[in-house]
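Q: Take the sequences, apply the hints, and build the full model.
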Amino acid sequence: MKIRFHGRGGQGVKTLARIIGRTFFLKGYNVQDFAMYGAERRGAPVMSFVRADRNEILERGYIFNPDCIVVLDDTLNPGAVSSGLTDGFVLINTTKNADEWFPGKKVVKVNATQIALDVLGKPIVNTAMAGALAKLLDIEFEKLEKAIRIEMGEIGNVEKNIEAAERCYRACS
Amino acid sequence: MKDLIDGNAAAAWGARLSRVMVVPNFPITPQTEIIETLAKWKETGEWTGEFLPMESEHSVLSAAVASEAAGARTFTASSSQGLVLMKEIHYVASGMRLPIVMVNCSRGLAAPITLWPDNNDFLSLRDSGWLMFFAQNNQEVLDFIIMAYKISENRDVLLPSIVNMEGFILSYTREPIEIPAQDVVDSFLPEYRPKVLLDPEKPMSLGVPSLHEYMYFRSQVHKAQMNALNVAERVFSEFEKTFGRSYGLVEKYMTDDADSVFVTTGSLSTTVKAAVNALRNEGRKFGLVRIVCYRPFPKKELEFLSNFENVIVLDNNLSPGMGGIVFSELRNLATAGVVVSLGGKHIGRDDFVKIGKKLSGAKGEFWYFGEKTV
Chain D
28 MKIRFHGRGG
38 QGVKTLARII
48 GRTFFLKGYN
58 VQDFAMYGAE
68 RRGAPVMSFV
78 RADRNEILER
88 GYIFNPDCIV
98 VLDDTLNPGA
108 VSSGLTDGFV
118 LINTTKNADE
128 WFPGKKVVKV
138 NATQIALDVL
148 GKPIVNTAMA
158 GALAKLLDIE
168 FEKLEKAIRI
178 EMGEIGNVEK
188 NIEAAERCYR
198 ACS
Chain Z
9 MKDLIDGNAA
19 AAWGARLSRV
29 MVVPNFPITP
39 QTEIIETLAK
49 WKETGEWTGE
59 FLPMESEHSV
69 LSAAVASEAA
79 GARTFTASSS
89 QGLVLMKEIH
99 YVASGMRLPI
109 VMVNCSRGLA
119 APITLWPDNN
129 DFLSLRDSGW
139 LMFFAQNNQE
149 VLDFIIMAYK
159 ISENRDVLLP
169 SIVNMEGFIL
179 SYTREPIEIP
189 AQDVVDSFLP
199 EYRPKVLLDP
209 EKPMSLGVPS
219 LHEYMYFRSQ
229 VHKAQMNALN
239 VAERVFSEFE
249 KTFGRSYGLV
259 EKYMTDDADS
269 VFVTTGSLST
279 TVKAAVNALR
289 NEGRKFGLVR
299 IVCYRPFPKK
309 ELEFLSNFEN
319 VIVLDNNLSP
329 GMGGIVFSEL
339 RNLATAGVVV
349 SLGGKHIGRD
359 DFVKIGKKLS
369 GAKGEFWYFG
379 EKTV
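Chains as they are written, first to last, in this note's numbering: chain D, 28 to 200; chain Z, 9 to 382.
Because the hints were derived from the structure by calculation, they are not lab data. Each hint should be verified, as a subset may be incorrect.
[Said to hold, decoys possible] Pairs of lysine to aspartate or glutamate residues, derived as EDC-like cross-links and limited to a Cα-Cα distance of at most 20 angstroms, are as follows:
#1 Z:LYS10 x D:ASP101
#2 Z:LYS48 x Z:GLU58
#3 Z:LYS48 x D:GLU181
[Claimed, not checked] For each label pair, taking beta carbons as the anchor points, the in silico distance ranges come out as:
#4 D:GLY183 x Z:ALA74: 36 to 42 angstroms
#5 Z:GLU186 x D:PHE91: 28 to 34 angstroms
#6 Z:ASP264 x D:TYR89: 31 to 37 angstroms
#7 Z:THR56 x D:LEU144: 21 to 27 angstroms
#8 Z:GLU54 x D:GLU169: 27 to 33 angstroms
#9 Z:ALA78 x D:ARG81: 27 to 33 angstroms
#10 D:GLY106 x Z:ASN238: 54 to 60 angstroms
#11 Z:ALA189 x D:PHE91: 37 to 43 angstroms
#12 D:GLU186 x Z:TYR99: 52 to 58 angstroms
[What the hints assert, rightly or not] Computed from the model, here is a short list of chain D residues facing chain Z with C-beta under 10 angstroms:
#13 LEU53
#14 ILE84
#15 ARG87
#16 GLY88
Computed from a predicted structure; not experimentally measured. Idealized CB from N, CA, C, for every residue including glycine.
A: Rendered as structure tokens:
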């Protein structure tokens, strides 16, 4: 399983990869999680990545052919964020008609911004998107909850973030 | 304990479990988190050594020389520009026979500026007298630090060691690794007992001018390096008995029935193994030979390279005017050398497959610029 996350600096893209990486680790998988480093800054397009496998993971570096793409911000260029996707799906945080942005691809839309605003009071959507992704990947919520507790421990606001994740997990089917 | 941690955290664990007493330090991307992690543990009391923020990397290694000479097991870390700013003191540390251990997070040297890895910074220590180990994953970063102290502090060696990981590719990538228990590490790595101690009660000078005797002392550094080959083998074997993980000066991957091999160093190696698997699936008998210990250079262990039709050396470094550094050291055994991934230019499994096919039967020196950009 190779997952690529796209968002903008400040939306928690790196932490999202760490939460999903930790979730797979807790399920006993081999894992790599990492973020793109460069001139990252608030508002700039950023990426992060997770590889998870029952076998040893040998490949390293950026993921160009993901099984799944997660988009936290619908103002990013759809062509750029969906590059390399073949059979998998795009999970996107949007209320717009995003299906036509990704012709021929399976697109799952979720209004994570609204959930984040309702629960956290600010539009930081990473934990809500983690909930949606966990549901789509058939991961039990308890594992995700534990991963959020570990990864958000030093960042804070853990309970609210778990609530945001759970709301999105339940909203997704 | 198994945990999901990045290469920098693995390095900090290696230092902590080795019970290092002094850590002079200066920040530089992508190794700063090694030092930050130790600072955090200093605050919580989980690590109780001396944490010395210095004004430059030159001062960092100068302080390391002093603390090691005073009998304290000393650790530091750097990268790229920081590592080359230490360079003057690298030779002092080896000449004074001080078993300091440090970590380098490889990053291409300016100019132009990159934050991504190649090994020119690390390989600039090639002739300094330091023992040099290339880690290929985060587990090896932790394990090699502990083993490096044991090898360095051996009375037949008494030389500093440097363990290398590629910046970002390992330093900021998390992988599951096994963090050994402190009491097991203590049984493997006893307290440091210096042979010569700088002691104010018995004043003496170390590293003094020797003028015409200089050649004798440098020849002793070479002799100690050659001793380290045997010492390292013994330490690897004791490590395996204690911790269950097996290492060697050289790693061989699917070489038994191979007719062609890649020669690699560092974290490129795991992606190249994926390429070897892919080439095998196409019926091509490839293997991989990874140089783990770069200094001392395992000449004897590499002689078997003469058995293969194609020996393709992948150099993640460049000596302008000469070419790949590892290829030039293996010129009598290698058939082709390729310079790859300078400054962290992306290279993946399919690129190595392409290189393997294209350079089967080819001789000489090549470049691979890659296609993928981000």
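Q: If a hint holds in the structure, say so; if it doesn't, say that too.
A: Here's how the hints hold up against the structure:
1. Z:LYS10 x D:ASP101: violated, 38 angstroms
2. Z:LYS48 x Z:GLU58: The given pair, whose Cα atoms are some 13 angstroms apart, holds under the 20 angstroms limit.
3. Z:LYS48 x D:GLU181: Distance ~12 angstroms between LYS48 (chain Z) and GLU181 (chain D) Cα, so the pair holds.
4. D:GLY183 x Z:ALA74: 36 to 42 angstroms: holds, 41 angstroms
5. Z:GLU186 x D:PHE91: 28 to 34 angstroms: The hint (28 to 34 angstroms, Cβ to Cβ) holds, given that GLU186 (chain Z) and PHE91 (chain D) are roughly 30 angstroms apart.
6. Z:ASP264 x D:TYR89: 31 to 37 angstroms: holds, 33 angstroms
7. Z:THR56 x D:LEU144: 21 to 27 angstroms: violated, 46 angstroms
8. Z:GLU54 x D:GLU169: 27 to 33 angstroms: holds, 29 angstroms
9. Z:ALA78 x D:ARG81: 27 to 33 angstroms: violated, 50 angstroms
10. D:GLY106 x Z:ASN238: 54 to 60 angstroms: Because 58 angstroms falls inside the window, the suggested range holds.
11. Z:ALA189 x D:PHE91: 37 to 43 angstroms: holds, 40 angstroms
12. D:GLU186 x Z:TYR99: 52 to 58 angstroms: holds, 55 angstroms
13. LEU53: holds, 9 angstroms
14. ILE84: holds, 8 angstroms
15. ARG87: Because about 5 angstroms separates ARG87 (chain D) from the closest Cβ in chain Z, which is inside the 10 angstroms limit, the hint holds.
16. GLY88: holds, 6 angstroms
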